[in-house]
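Participant: Chain by chain, the residues run as shown.
Number of protein chains: 2
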Amino acid sequence: MTGLAGKRSADDETHLLNIMNANANCRELLILDARPAVNAKLNKAKGGGYEENYTNASLTFLNIHNIHVVRDALKRLTSCLIPRVDEKNYLKALDESKWLNHIQSILEGAVKAVFNVDTEKQSVLIHCSDGWDRTAQLTSLAMIQLDPFYRTIEGFAILIEKEWCSFGHKFGERIGHGEDGYNDGERSPVFVQFCDCLWQILRQFPSAFEFTQELLICMLDELYSCRYGTFLFNSEKIRLMDNKCDETTISFWSYVLEHRKKFNNPMYRPKKKVLYVNPSFCALQVWTDYYARSNPHVISPSHEEIQQPGGVDFLNEKKQLLDEIMALDETVHSMATGSAPSTSSSS
Amino acid sequence: MTGLAGKRSADDETHLLNIMNANANCRELLILDARPAVNAKLNKAKGGGYEENYTNASLTFLNIHNIHVVRDALKRLTSCLIPRVDEKNYLKALDESKWLNHIQSILEGAVKAVFNVDTEKQSVLIHCSDGWDRTAQLTSLAMIQLDPFYRTIEGFAILIEKEWCSFGHKFGERIGHGEDGYNDGERSPVFVQFCDCLWQILRQFPSAFEFTQELLICMLDELYSCRYGTFLFNSEKIRLMDNKCDETTISFWSYVLEHRKKFNNPMYRPKKKVLYVNPSFCALQVWTDYYARSNPHVISPSHEEIQQPGGVDFLNEKKQLLDEIMALDETVHSMATGSAPSTSSSS
Chain A
1 MTGLAGKRSA
11 DDETHLLNIM
21 NANANCRELL
31 ILDARPAVNA
41 KLNKAKGGGY
51 EENYTNASLT
61 FLNIHNIHVV
71 RDALKRLTSC
81 LIPRVDEKNY
91 LKALDESKWL
101 NHIQSILEGA
111 VKAVFNVDTE
121 KQSVLIHCSD
131 GWDRTAQLTS
141 LAMIQLDPFY
151 RTIEGFAILI
161 EKEWCSFGHK
171 FGERIGHGED
181 GYNDGERSPV
191 FVQFCDCLWQ
201 ILRQFPSAFE
211 FTQELLICML
221 DELYSCRYGT
231 FLFNSEKIRL
241 MDNKCDETTI
251 SFWSYVLEHR
261 KKFNNPMYRP
271 KKKVLYVNPS
281 FCALQVWTDY
291 YARSNPHVIS
301 PSHEEIQQPG
311 GVDFLNEKKQ
321 LLDEIMALDE
331 TVHSMATGSA
341 PSTSSSS
Chain B
1 MTGLAGKRSA
11 DDETHLLNIM
21 NANANCRELL
31 ILDARPAVNA
41 KLNKAKGGGY
51 EENYTNASLT
61 FLNIHNIHVV
71 RDALKRLTSC
81 LIPRVDEKNY
91 LKALDESKWL
101 NHIQSILEGA
111 VKAVFNVDTE
121 KQSVLIHCSD
131 GWDRTAQLTS
141 LAMIQLDPFY
151 RTIEGFAILI
161 EKEWCSFGHK
171 FGERIGHGED
181 GYNDGERSPV
191 FVQFCDCLWQ
201 ILRQFPSAFE
211 FTQELLICML
221 DELYSCRYGT
231 FLFNSEKIRL
241 MDNKCDETTI
251 SFWSYVLEHR
261 KKFNNPMYRP
271 KKKVLYVNPS
281 FCALQVWTDY
291 YARSNPHVIS
301 PSHEEIQQPG
311 GVDFLNEKKQ
321 LLDEIMALDE
331 TVHSMATGSA
341 PSTSSSS
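Line order of the protein sequences matches chains A and B.
Numbered according to the UniProt record's numbering, the first sequence spans residues 1 to 347.
Numbered according to the UniProt record's numbering, the second sequence spans residues 1 to 347.
Source of the hints: derived by calculation from the structure; they are not laboratory data.
Any given hint could be a false lead.
Identical chains blur together in the list; that is why a pair holds if it fits in one copy or across any two.
Capping the alpha-carbon separation at 30 Å, the derived lysine-lysine pairs in DSS-like fashion look like this [as the list claims (entries may be wrong)]:
1) K170 <-> K237
2) K98 <-> K75
3) K244 <-> K121
4) K88 <-> K112
5) K92 <-> K44
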């Protein structure tokens, strides 16, 4: 259904029917439209539309606000934290920033998708006005809760490449790479907001991810630094075909994979189960370790403690112990078979 | 200085001078009076007083509110969380409860004591109107930050016995053990508030404590259950001399030491350093894992995950690996000396 005239597209309707039929369990295709219903209706005036009266499809609006609202909310949030915290009015100012409300509506949308795929075994179609901002947020947050592979470092790299880089998130425009117009209305911290949502999941499931928040923080730093080609330009075509970033720049993921130790989560225990983040207001927190790290009065000591190399390094300790066991095993074996002199490798 | 007449006590002044002189580094004895200054002044009308014009002593009021204010604040806090969370007004209601403001003033007071003892090498005297509520909160929170021994399970037991049980915190009256008068003005969750403050420290220093929040939650449950004699009655005299609780009841700490595994912190790395909790408003959090555990919509999945036996059990894993190494070492040794048949204990 597009425009005020309500034109229908038979091809589109058939396409959606085919998507539904691809899943034998699917009784009805759930369409999640990320926008507030009122915005979607207003967009009809500009020739836009949404799926009204499609056969075997139900449409839900997720009430997630657009890039302009997100930009303003983050400005208000950071002014609660930097350069100093107004201790007397902190909660009031945090409330008024509405930042956590936006985080909540995205997480609620992602949980809705997870529930429909995991519990109801239905297919879900997610879209928005364009498909490269809120849509990418929702699909990647749903996928990382559904599939444990995306919670490994390799899997996460693939998820970001797939849902953000290849799908056409306009990194260049949203961050304003190489642009002076800091008031440009196209700038918006959509990817930052996605990382915040993911941080909420990491925090609620401390042993489900191979990586810690350090990977998210490092990724956001490199997003703004432009050291790697991964997050340059506005689409994969411009990045790879027009600008040959794959030949002329290094990938952010090469750096990550070479410095895995820095990002390893010592609490990681791979689990197959699907995660359901709790989007309730009192389960959400402010990501001060990222937004307020320049304010020494805000940063919590636990952040430093985790960051400190060797501070909480269980993974390494375990590896050393396992190495020692292997060496001892070999010694025992060679002594039993008389193939080598007897030596004790541990002391 | 007591009463409106401002009577002085030479003995008290000498006593404080002696305390100061016991520390060769001490230039001036810091007296921390837990009360708001205005309350201390009002108490003069009832014959109370505080240390005005003592030689070589400086007096600071910590502005911590009394048992009645604490009781009302906790009622307001829990009504934000139970039976359901009003998602739209959560931050506003949390702000209005003032609970975190009270937590903040106690932590600020404790940090002041820690700073003066650790950094300034001065002596500190802490008191309040009576000495068994806010005083015990401050001294025990300062000691646990200053001395790593109190961060072990044994040390923590000694700290609670010393600063709360022996010092005369009126557990019976504050909790209302065996009393019907639930409106009794002497009831107040002072010990709960202390545990909340301690939880903030645990959370900010995830590897500094041998125990997890499970020990705090279990302690609070047993405080209300009266299963153990540890927290019965209003003083050590009534508990041990009048009621022989040491002969007729089991100590809570016997239970804890027999079930250490339940409370062990897998992240624990003993450290000698002094802790400084960050009392900034945005470093504080609501202890939903305790206050809201009866609300399934609030409880965060991470709580379950930590509680799950074997969920994140690094300590045990490490112990098993070390046992295996010891067994292999013995095998190698006995094979080398020819004192036993060669067997491999690992596979």
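Participant: Would you mind marking each hint as holding or not holding in the structure?
Facilitator: Hint by hint, here is what the structure shows:
| no. | hint | verdict |
| --- | --- | --- |
| 1 | K170 <-> K237 | within (11 Å within a copy, 72 Å between copies) |
| 2 | K98 <-> K75 | both (11 Å within a copy, 26 Å between copies) |
| 3 | K244 <-> K121 | neither (41 Å within a copy, 63 Å between copies) |
| 4 | K88 <-> K112 | between (37 Å within a copy, 19 Å between copies) |
| 5 | K92 <-> K44 | neither (37 Å within a copy, 36 Å between copies) |
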